[in-house]
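Undergrad: From first to last, the protein sequence lines stand for chains D and G. Heads up: the first sequence at position 58 corresponds to 58 in this note's numbering, and the numbers run straight through without jumps. Heads up: the second sequence at position 92 corresponds to 92 in this note's numbering, and the numbers run straight through without jumps.
None of these hints come from the bench; they were simulated from the model.
Each pair of labels, with its calculated beta carbon distance range: (1) 83(G) / 114(D): 35 to 45 angstroms; (2) 99(D) / 38(G): 22 to 32 angstroms; (3) 20(D) / 83(G): 39 to 49 angstroms.
Heads up, the beta-carbon is just placed ideally off N, CA and C, and yes, glycines get one too.
Below are the chains, spelled out letter by letter.
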Amino acid sequence: AQTVTQSQPEMSVQEAETVTLSCTYDTSESNYYLFWYKQPPSRQMILVIRQEAYKQQNATENRFSVNFQKAAKSFSLKISDSQLGDTAMYFCACITSGTYKYIFGTGTRLKVLA
Amino acid sequence: DAGVIQSPRHEVTEMGQEVTLRCKPISGHNSLFWYRQTMMRGLELLIYFNNNVPIDDSGMPEDRFSAKMPNASFSTLKIQPSEPRDSAVYFCASSQAGTGVFEKLFFGSGTQLSVL
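Turn these sequences into a full structure, and let the hints steer you where they fit.
TA: Following this line, the structure appears as C-alpha cells:
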C-alpha cells in the first residue's frame with residue numbers, strides 16, 4: 001500500500017529565510033504524481049507544486065521548488081524568501097497514475113516569523 | 001471560474017439532527033471527491049464520484065452517511081442522525097481525469113461541522 005510520511009509536525013522560519021519541508025513516500029508503482037498542498041488559516045487546500053515521477057527535473061514554481069529523489073522516495077519542498085503569507089499547514093500527497101486515491105501525509109505546520 | 005463552492009461554511013447542530021453539506025464542482029470536471037479532515041485521522045476519502053456515478057464509497061464511515069450527485073454541477077453529503085464524533089471539516093474536491101490520470105485536485109473551502 002502507498003504511504004506518505006511527513007516527519008516534521010511543526011517548523012518555523014524567519015521571514016526572508018529559506019526552509020525545507022520533508023516528505024517521504026512508499027509505492028511500488030513506477031508511474032505516479034507527487035504534490036505539495038498548502039492549507040492556510042482560511043482552510044482551503046491550495047496546490048503549491050506538482051511533480052511527475054517520470055520527470056527527472058525538479059519542479060519549480062516561483063519561490064517554491066522541490067528536491068525529488070526517486071530512488072530514495074523523497075520529495076522535499078523548499079520555500080525561498082519566506083513570507084508571512086506562507087504560514088500554513090503543508091501536505092505532501094501522492095497518487096498513482098490510473099487510480100483516484102490520493103494519499104496525503106499528516107502535514108507540517110509552518111510558521112513564518114516576522 | 002469560481003472554483004469549487006461549498007456551503008455552508010460553518011454548521012453547528014445538535015446530536016440527532018440531519019445535516020446536509022453541499023458542493024458545486026468546477027464546471028467541466030468529471031470527478032468529485034468528499035474528504036473529512038480531523039486532527040486524529042488527517043484527510044480521509046469518504047466517497048468518489050466519476051461522471052456523477054459513485055465509484056468508491058468504502059470510506060463512508062456508517063450508514064448514517066450518504067452522498068448523492070444528481071448532476072454534474074451538484075453534490076450533497078448527508079449525515080442522519082448526526083453525532084458529536086462527526087465533528088470535522090468536510091471538503092469537497094473536483095478534478096478532470098483524463099484517461100484515468102488525475103493530475104490535481106481542486107478543493108473547496110470546506111464546511112466546519114460541529115455536532116453538540
